[in-house]
Amino acid sequence: MKKVESRYVLVVGCGRLGAHLASQLSRQGHSVVVIDTNEAKFSSLAVEFGGFRLEGDATELAVLQQAKADRADSLIAVTADDNVNLTVAQVGKHVFEIPEVFARVSNPERAAMSHELGVQTVCPLTLASEDLLRRVLGAGGEGEEA
Amino acid sequence: MKAILVGTGKQLYFMAREFVSKGHSVVVICRDAHDAQWIVRRLKATVLHADGSVPSVLEDAGAREAEVVIAATPHDPDNLVICQVAERRFGVPITLALVSDPDNQEVFPKLGVKNVASLTQLVSKLIEHRTAAEEISNLAIMGEGAVNVTELVLPEDSPAVGKPLASAGLPCDTLVASVVRDGTAIIPRGDTVLAAGDRIVLVTLPTSYGQAVKYLTGEA
Numbered sequence: 000m001k002k003v004e005s006r007y008v009l010v011v012g013c014g015r016l017g018a019h020l021a022s023q024l025s026r027q028g029h030s031v032v033v034i035d036t037n038e039a040k041f042s043s044l045a046v047e048f049g050g051f052r053l054e055g056d057a058t059e060l061a062v063l064q065q066a067k068a069d070r071a072d073s074l075i076a077v078t079a080d081d082n083v084n085l086t087v088a089q090v091g092k093h094v095f096e097i098p099e100v101f102a103r104v105s106n107p108e109r110a111a112m113s114h115e116l117g118v119q120t121v122c123p124l125t126l127a128s129e130d131l132l133r134r135v136l137g138a139g140g141e142g143e144e145a
Numbered sequence: 000m001k002a003i004l005v006g007t008g009k010q011l012y013f014m015a016r017e018f019v020s021k022g023h024s025v026v027v028i029c030r031d032a033h034d035a036q037w038i039v040r041r042l043k044a045t046v047l048h049a050d051g052s053v054p055s056v057l058e059d060a061g062a063r064e065a066e067v068v069i070a071a072t073p074h075d076p077d078n079l080v081i082c083q084v085a086e087r088r089f090g091v092p093i094t095l096a097l098v099s100d101p102d103n104q105e106v107f108p109k110l111g112v113k114n115v116a117s118l119t120q121l122v123s124k125l126i127e128h129r130t131a132a133e134e135i136s137n138l139a140i141m142g143e144g145a146v147n148v149t150e151l152v153l154p155e156d157s158p159a160v161g162k163p164l165a166s167a168g169l170p171c172d173t174l175v176a177s178v179v180r181d182g183t184a185i186i187p188r189g190d191t192v193l194a195a196g197d198r199i200v201l202v203t204l205p206t207s208y209g210q211a212v213k214y215l216t217g218e219a
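First to last, the protein sequences are chains P and V. Terminal number for the first sequence in numbering that gives the first Met the number 0: 145, no gaps in between. Terminal number for the second sequence in numbering that gives the first Met the number 0: 219, no gaps in between.
I should point out that these hints are in silico values taken from the structure, not numbers from a laboratory. Careful, some of the hints might be misleading.
[What the hints assert, rightly or not] Cross-link-like lysine to aspartate or glutamate pairs, in silico, EDC-like; alpha carbons within 16 Å at most:
1. LYS109/V with GLU86/V
2. LYS67/P with GLU99/P
3. LYS109/V with GLU115/P
4. LYS1/V with ASP59/V
5. LYS67/P with GLU47/P
6. LYS109/V with GLU54/P
7. LYS213/V with GLU38/P
8. LYS43/V with GLU17/V
9. LYS67/P with ASP80/P
[Said to hold, decoys possible] Here are a few chain V residues that face chain P, going by a calculated C-beta distance under 10 Å:
10. ASP59
11. VAL67
12. LYS109
[Said to hold, decoys possible] What the simulated footprint calls covered on chain P by chain V, stretch by stretch (three residues with Cβ under 8 Å from a Cβ of chain V suffice, anywhere in the stretch; the number is not a length):
13. 53-65
14. 80-93
15. 111-118
No residue lacks a Cβ here, since even glycine has one placed at the ideal position from N, Cα and C.
Sequences and hints are given; from them, build the entire structure.
Now the structure itself:
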């Protein structure tokens, strides 16, 4: 386990990716708040998860306030809905002034928009296809936008 | 004018019908197949059954030439992204987002979407502004609630009765725009003396509205 300075991270969406991220961050000693509209989703967090669970809709300002978003170092929005992720990330950035915000965006077309919105995005499809192409075609393979 | 409407259900249908009847060229985008069919059978509008927040869908709908894009889905984040894509990607001059969460009326402009309408807030404002007294009626709420135009009849016990307007004790940010007395309209000046039974038109800000109405009706 690396000793790093503890960061305050909000994870929005406690699906497979969200639960995994939150558990990892917590394990590495960071302060984590996971937000999900469905309380049952919190059961996928690691047993030793030491952060906070907040049931609510992060697109509501009051919920982010409750999560003390104004004090967060980062926000990671990984719900199943691209537009929710983009909205929450933008609100985090422009309303709560969180230094680093990330949104998972499944549709590569929307991911291409994200720079204009001041949000860093992760598009699993693009990542996977780039990775596979690189492996299939060798290091010189051309990355292709899906 | 070319308009693109994104939404669902009857609200979308009636909005599209309104636009079509006013002679605008309308493209409707809706995610629900039923709604799309309903509209396509009834209106002279192009209907796309798709997700309007996807850039290529808006492009297919003709966003590059559109003058207006209205995002009226029941999902606020979708409406935000639709307006952002329309404006930033395709340079649509006017975009309007309808929102359910009234907080978004303040949040969305911070994210670059200038025109935001909240039905929830509009309704609650209207209710807020309805006063019990029957002689008060709100003529208009202008500038998205920034200015109220109210008509009221001065009761006999109003402290303003018998005083010239300039010294009638009206709160700040209050303007008496007109006075109707015995069927004659007067545009008052500072020296116009108010009388009981005067029907006056009041222009106020939301902050001065309550105080002005209470004072003039003698409830303060």
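Hints breached by this structure:
Hints 5, 6, 7, 9, 10 and 11 not satisfied by this model.
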